[in-house]
Amino acid sequence: MTSRRLTGAQILWESLVREGVTCVFGYPGGAILPAYDAMLDYPIRHVLVRHEQGAAHMADGYARATGQVGVAIATSGPGATNLVTGIATAMMDSSPVVCITGQVGSKLIGSDAFQECDITGITLPITKHNYLLTNPEDVAATVREAFHVARSGRPGPVLIDMTKDCQQRACDFEWPEEAPVAHQRPNLSPGDAELARAVDLIHQAKRPLILAGNGIIASGASDLVRRFAEHADIPIAMTLLGIGGVPASHPLNLGMMGMHGEAWVNTSIQEADLLIAVGMRFDDRVTGNVKTYALNAKKIHLEIDRSEINKNVKVDAGLVGDCGQLLTALMPRVERGNHAAWRAHIDALKGDAAVRDIKNLPDSGHLYAAHVIHDLWRETGGNAVVVTDVGQHQMWEAQYYHHDQPRSLITSGGLGTMGFALPAAIGAKIARPDAEVWVVVGDGGFQMTMAELATIAQEGIDINVAIINNGYLGMVRQWQEFFYERRYAATPLTSPDFVKLAEAFGLTAARVTERAGVIPAVQAARATKGTVVIDFRVEQEDTVYPMVPAGADLHNMIRRPSVLAETGADQ
Amino acid sequence: MITFVVHVENKPGVLTRVASLFRRRAYNIESLTVGSTETPGVSRMTIVVDTDDEGAHHVEAHLYKLVNVLRVDNVTARPNVIRELTLIKVATTAGTRPEIFQLADVFRARIIDVSADSLVLELTGGTAKLDRLLEVLEPFGVLEMARTGTLAMARGEGPGRTAAPQARATAAAESQDIAYSV
Ligand SMILES: Cc1ncc(C[n+]2csc(CCOP(=O)(O)OP(=O)(O)O)c2C)c(N)n1
Ligand SMILES: [Mg+2]
Numbered sequence: 006m007t008s009r010r011l012t013g014a015q016i017l018w019e020s021l022v023r024e025g026v027t028c029v030f031g032y033p034g035g036a037i038l039p040a041y042d043a044m045l046d047y048p049i050r051h052v053l054v055r056h057e058q059g060a061a062h063m064a065d066g067y068a069r070a071t072g073q074v075g076v077a078i079a080t081s082g083p084g085a086t087n088l089v090t091g092i093a094t095a096m097m098d099s100s101p102v103v104c105i106t107g108q109v110g111s112k113l114i115g116s117d118a119f120q121e122c123d124i125t126g127i128t129l130p131i132t133k134h135n136y137l138l139t140n141p142e143d144v145a146a147t148v149r150e151a152f153h154v155a156r157s158g159r160p161g162p163v164l165i166d167m168t169k170d171c172q173q174r175a176c177d178f179e180w181p182e183e184a185p186v187a188h189q190r191p192n193l194s195p196g197d198a199e200l201a202r203a204v205d206l207i208h209q210a211k212r213p214l215i216l217a218g219n220g221i222i223a224s225g226a227s228d229l230v231r232r233f234a235e236h237a238d239i240p241i242a243m244t245l246l247g248i249g250g251v252p253a254s255h256p257l258n259l260g261m262m263g264m265h266g267e268a269w270v271n272t273s274i275q276e277a278d279l280l281i282a283v284g285m286r287f288d289d290r291v292t293g294n295v296k297t298y299a300l301n302a303k304k305i306h307l308e309i310d311r312s313e314i315n316k317n318v319k320v321d322a323g324l325v326g327d328c329g330q331l332l333t334a335l336m337p338r339v340e341r342g343n344h345a346a347w348r349a350h351i352d353a354l355k356g357d358a359a360v361r362d363i364k365n366l367p368d369s370g371h372l373y374a375a376h377v378i379h380d381l382w383r384e385t386g387g388n389a390v391v392v393t394d395v396g397q398h399q400m401w402e403a404q405y406y407h408h409d410q411p412r413s414l415i416t417s418g419g420l421g422t423m424g425f426a427l428p429a430a431i432g433a434k435i436a437r438p439d440a441e442v443w444v445v446v447g448d449g450g451f452q453m454t455m456a457e458l459a460t461i462a463q464e465g466i467d468i469n470v471a472i473i474n475n476g477y478l479g480m481v482r483q484w485q486e487f488f489y490e491r492r493y494a495a496t497p498l499t500s501p502d503f504v505k506l507a508e509a510f511g512l513t514a515a516r517v518t519e520r521a522g523v524i525p526a527v528q529a530a531r532a533t534k535g536t537v538v539i540d541f542r543v544e545q546e547d548t549v550y551p552m553v554p555a556g557a558d559l560h561n562m563i564r565r566p567s568v569l570a571e572t573g574a575d576q
Numbered sequence: 065m066i067t068f069v070v071h072v073e074n075k076p077g078v079l080t081r082v083a084s085l086f087r088r089r090a091y092n093i094e095s096l097t098v099g100s101t102e103t104p105g106v107s108r109m110t111i112v113v114d115t116d117d118e119g120a121h122h123v124e125a126h127l128y129k130l131v132n133v134l135r136v137d138n139v140t141a142r143p144n145v146i147r148e149l150t151l152i153k154v155a156t157t158a159g160t161r162p163e164i165f166q167l168a169d170v171f172r173a174r175i176i177d178v179s180a181d182s183l184v185l186e187l188t189g190g191t192a193k194l195d196r197l198l199e200v201l202e203p204f205g206v207l208e209m210a211r212t213g214t215l216a217m218a219r220g221e222g223p224g225r226t227a228a229p230q231a232r233a234t235a236a237a238e239s240q241d242i243a244y245s246v
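Those sequence lines, one after another, are chains W and H.
Following the working numbering, the numbering of the first sequence begins with 6 at its first residue and continues without gaps.
Following the working numbering, the numbering of the second sequence begins with 65 at its first residue and continues without gaps.
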């Protein structure tokens, strides 16, 4: 290959383009200016954010919507530190993101120069890996490796910090055709004996359950999990991030587990005699008290990250590898199953709880968040990509919007980052321009990153925003209600007029205060070109049920009060 | 106590990455030494961690997630040699000097400096031996003490040489029976 003389900045874009990047989310500044200048000569769409946190969330949303690496770019110092929350969010949820930051000149490093900041030091524990580049010669190979690291194995964020002189100096550019290969790792792929042991456990089980997590989506193993479950006749419980990985409408899909999981799901986990965990990590929000978690069950763990095996919950068989490949290896060894009695038992549990579903409640005109989500689900045919923020509305979305497609629910699970939804939705929409994208966000979280409405206006982004406006930091208020004697310290929230606010950004807006208004508003938003912001004024002191208090036993749920179940609290 | 021998790429910041991992995952490092190896570009760390076998499994798994880590060997249960070097400056008087010389002899410690009212001993050996020498010198007045931290090496075949990190640049190395997971 013939080489050309290019600056480090040009090599950056040459490399990004070769990695398939067509869009980056960023914000310029002095130390990254050479890169911005060079960008103009490349076929790259740049989305100017209003805060670098938004850039990281957009890159993350882009990545979660497609599985492709999302790219964020920022200047040194405050630009770089503003990315931090977004990077940590991507790390916790294994999302492939590459962040590029400018850095002061290499001669100034360590001198506390203007806008100098040790961003590789700061992001060390919240990236899979990071790099400080001072030589243009290293740029191409580093970008190649960074993308490989971000998307291989268990995906995650990678940061490349480039000094200003590294961007400015020129060198011969040569693209490394060979893909980088990670250092050799011990081969832990299960052999015959380990697979046979897992298969034995499956054959012996009378009350088996599959626990499906984010990993099945990252691995593209949705269909395999479904087929495996059908073949072995095993019901499936989903983690929050697994939602969509198996169609909610599938008869074997029980729904979400954990702190706000459905009662029948958590009860089934506690009664099961075998858990087959696939691409999930037994997070504390999923297990409750680990000392009393699924004590009757043997456990098989299919997981690409060996450090997750036996981390939170001791397992009887840990199979390390890509969960799709592992299921492919297991499938031919597992006999057709029939667990009709176990399924009937779970159905009975479910029957009891399902009548409590908000959709079966009589409609008294009062507006509950669950109504909004339920109607949104019906109107969009369950086909929208829904991006949620963090709080009560997030849990109601997980309970009442039934996702049938992988990557159709995008939400911050591990870090629980308020402010995630609006920017992540922008990234998702750009990644999937043909998808219908809805933001479901609380009045609190919306105000953390609402400046990105300006980005939406400038970029002509066509999504819709449902603000679940309850006048509270609702989820915290709920904890205060249950565990702090209703002492509402710092949770009541006065908000601006969201309709006027959206209009000030040049967007369309509406307000809904009663049940009857939900469907027309959703229909109008879907028919309107451009982003519509809907301010849903919902019941203020509504509660997410069921709830497993933090650290409590999974079976000790605070259930929906029967008065709410039978009559609706609104009567 | 668990003793790891960890081979890493000799690149800036690698020590921080390893140390940061132990801090972040709340494992206590008893001793950590870093130095060069027989292979250019490869550094060798001996890390002694206060944990059990289960913790050791986790530490190893986490270490392998670091991109710059080449190889992790838990040598605790293997036949190995573990050595540490200490320098101890102990107060002396004309009266105590002969006694200290005698102790040094018993421990095969070397006396490497003698001044009017102190002397410096050097001892190489296993951790327990060093601890013991320190203990017996304590009554005379230990003025200063320094230890290098542990070096460990498996006996016989052992882990063997570590391939130079350049090997990673070739896709050809990606064969069926090698699991890559960064
Ligand atoms: C950045 C950040 N700060 C604080 C929290 C703690 N927190 C979790 S949920 C919540 C309340 C969210 O309120 P709102 O956005 O109105 O949503 P709601 O729960 O009312 O639906 C808070 C403050 C968080 N998750 N993220
Ligand atoms: Mg709220």
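Treat each hint with caution, since some may be false.
[Stated by the list, open to error] Simulated crosslink set (DSS-like; lysine-lysine; CA at most 30 angstroms straight-line): (1) W/316 - W/303; (2) W/319 - W/296; (3) W/319 - W/211; (4) W/319 - H/153; (5) H/193 - W/316; (6) H/129 - W/303; (7) W/211 - W/355; (8) W/211 - W/303; (9) W/505 - W/534; (10) H/75 - W/112; (11) W/355 - W/296; (12) H/193 - H/153; (13) W/296 - H/193; (14) W/211 - W/112; (15) H/153 - H/75.
It should be emphasised that the hints constitute simulated quantities derived from the structure, not laboratory data.
Quick rundown of the hints versus the structure:
The straight-line distance between the Cα atoms of residue 316 of chain W and residue 303 of chain W is roughly 16 angstroms, inside the 30 angstroms bound, and the hint therefore holds. The hinted pair formed by residue 319 of chain W and residue 296 of chain W meets the criterion: a straight-line CA distance of about 10 angstroms does not exceed 30 angstroms. Note on residue 319 of chain W and residue 211 of chain W: the hinted pairing holds, with a Cα-Cα distance of about 20 angstroms set against a maximum of 30 angstroms. Annotation: proposed proximity of residue 319 of chain W to residue 153 of chain H is violated, straight-line Cα distance about 49 angstroms (limit 30 angstroms).
Taking the CA atoms of residue 193 of chain H and residue 316 of chain W, the gap is near 36 angstroms; set against the 30 angstroms cutoff, the hint is violated. Simply put, residue 129 of chain H and residue 303 of chain W have alpha-carbon atoms about 28 angstroms apart, close enough for the 30 angstroms limit, and the pair holds. A C-alpha spacing of about 19 angstroms is found between residue 211 of chain W and residue 355 of chain W, which places the hinted pair at or below 30 angstroms, so the restraint holds. Using a Cα cut-off of 30 angstroms, the hinted pair residue 211 of chain W and residue 303 of chain W holds, with the two alpha carbons roughly 11 angstroms apart.
The hinted pair formed by residue 505 of chain W and residue 534 of chain W meets the criterion: a straight-line CA distance of about 19 angstroms does not exceed 30 angstroms. In summary, the hint linking residue 75 of chain H to residue 112 of chain W is supported, as the alpha carbons are separated by about 19 angstroms, within the 30 angstroms threshold. Restraint check: the Cα-Cα separation between residue 355 of chain W and residue 296 of chain W comes to about 25 angstroms, which is no more than 30 angstroms; the hinted pair holds. This hinted pair checks out: residue 193 of chain H and residue 153 of chain H have alpha carbons roughly 17 angstroms apart, not beyond 30 angstroms.
A hinted pair counts as satisfied when its Cα atoms are at most 30 angstroms apart, and residue 296 of chain W with residue 193 of chain H does not qualify at roughly 42 angstroms. Proposed proximity of residue 211 of chain W and residue 112 of chain W is contradicted: the alpha carbons are some 67 angstroms apart, above 30 angstroms. With a C-alpha separation of about 36 angstroms, the suggested pair residue 153 of chain H and residue 75 of chain H falls outside the 30 angstroms cut-off, and the hint is violated.
Of the hints listed earlier, those the structure fails to meet are numbers 4, 5, 13, 14, 15, in rising order.
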